[in-house]
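K.L.:
Sequence:
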Amino acid sequence: MSNPAIIPALVSEKKELASESTSAPLADSKRDQHSPLPIYSNSSPSSTQTSSTQPQRANNMGVQSQIQARGAGAARNRPFAVALTVAVALYFAFTVTTRLFDFSSFTSTSCHRQRGNDGAGAIVEKVGKLVPLEAHVMSKCPDTRACLRELVLPAMERVSSKVDFTLTYLGRPTENDGVDCMHGPTECMGNILELCAAHLYPEPRIYLGFVMCLSNDYKEIPNEALVKGCALEHAVDFEKLNEGVSTWASGRAAR
Numbered sequence: 006m007s008n009p010a011i012i013p014a015l016v017s018e019k020k021e022l023a024s025e026s027t028s029a030p031l032a033d034s035k036r037d038q039h040s041p042l043p044i045y046s047n048s049s050p051s052s053t054q055t056s057s058t059q060p061q062r063a064n065n066m067g068v069q070s071q072i073q074a075r076g077a078g079a080a081r082n083r084p085f086a087v088a089l090t091v092a093v094a095l096y097f098a099f100t101v102t103t104r105l106f107d108f109s110s111f112t113s114t115s116c117h118r119q120r121g122n123d124g125a126g127a128i129v130e131k132v133g134k135l136v137p138l139e140a141h142v143m144s145k146c147p148d149t150r151a152c153l154r155e156l157v158l159p160a161m162e163r164v165s166s167k168v169d170f171t172l173t174y175l176g177r178p179t180e181n182d183g184v185d186c187m188h189g190p191t192e193c194m195g196n197i198l199e200l201c202a203a204h205l206y207p208e209p210r211i212y213l214g215f216v217m218c219l220s221n222d223y224k225e226i227p228n229e230a231l232v233k234g235c236a237l238e239h240a241v242d243f244e245k246l247n248e249g250v251s252t253w254a255s256g257r258a259a260r
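Residues in the sequence shown are numbered from 6 upward in steps of one, following our numbering.
Hints were generated in silico from the structure; no laboratory data involved.
We put the CB at the ideal spot given by N, CA and C, even for glycine.
Listed below are the simulated EDC-like cross-link pairs for lysine to aspartate or glutamate, each with C-alpha atoms no more than 16 Å apart in a straight line:
1. LYS233 <-> GLU248
2. LYS167 <-> GLU139
3. LYS245 <-> GLU229
4. LYS233 <-> GLU244
5. LYS233 <-> ASP222
6. LYS167 <-> GLU208
7. LYS224 <-> ASP148
8. LYS134 <-> ASP169
What follows is a set of in silico ranges between Cβ atoms, one per label pair, in the way DEER data are often shown:
9. ALA94 <-> LEU135: 47 to 55 Å
10. ASP169 <-> ALA94: 50 to 58 Å
11. LYS245 <-> VAL184: 21 to 29 Å
12. GLU162 <-> PRO190: 28 to 36 Å
13. SER166 <-> ALA86: 51 to 59 Å
Produce the complete structure using the sequences and hints provided.
P.N.:
Here you go:
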């Protein structure tokens with residue numbers, strides 16, 4: 006049987022241990038309330054640190070926006086720079102080419118340009134076949150005057166170098182190999198005068214001007230004053246013209 010004095014001692018020890026165990030957490034909690042909070046390296050930043058980093062972020066964003074703006078400006082100016090470079094290159098190439106080659110001697114007919122015996126440049130034009138152009142007229146006909154004035158002369162001014170112009174006179178053959186003219190014998194004489202002028206001066210510019218001069222006063226054909234005046238105006242030798250008419254008349258009489 007146990008000693009009654011030992012049991013109360015054990016009970017008192019257990020109470021002391023229980024009181025100590027309950028008082029220890031309270032003391033630790035009180036000590037924790039008055040002790041400063043521990044600081045760790047991975048703790049969240051304070052408000053002071055956050056406020057200090059905001060201007061830095063703003064500055065970084067401003068720098069980035071400036072860089073982007075400069076890049077956009079450079080991209081916009083790139084086509085202009087390329088075009089300017091190409092223009093300068095073309096100008097340089099053209100300048101060098103014109104210095105190396107002389108283009109001043111080239112004309113629109115350069116494909117026909119040849120060198121003559123003297124070394125000088127000569128234009129060789131290929132003359133094609135002339136187009137025949139024939140006008141049927143009567144020396145004392147008013148329609149002939151209108152035709153020459155409004156059709157033949159304007160056309161010859163434009164294409165005289167491209168046509169073979171001929172005047173043909175109208176008449177009616179007779180039984181004795183003669184010719185009857187619509188406006189009488191004086192018209193036949195006028196026809197002979199104009200044909201002789203064309204034979205003596207084959208250049209249409211000369212004899213056609215003479216014929217036109219006579220046709221302007223066709224009613225006066227073959228008046229000598231009219232014939233002399235037109236011959237003088239168009240550089241036709243009246244004496245040779247008169248001889249031609251006489252030769253024709255003598256040949257006609259010999260038949």
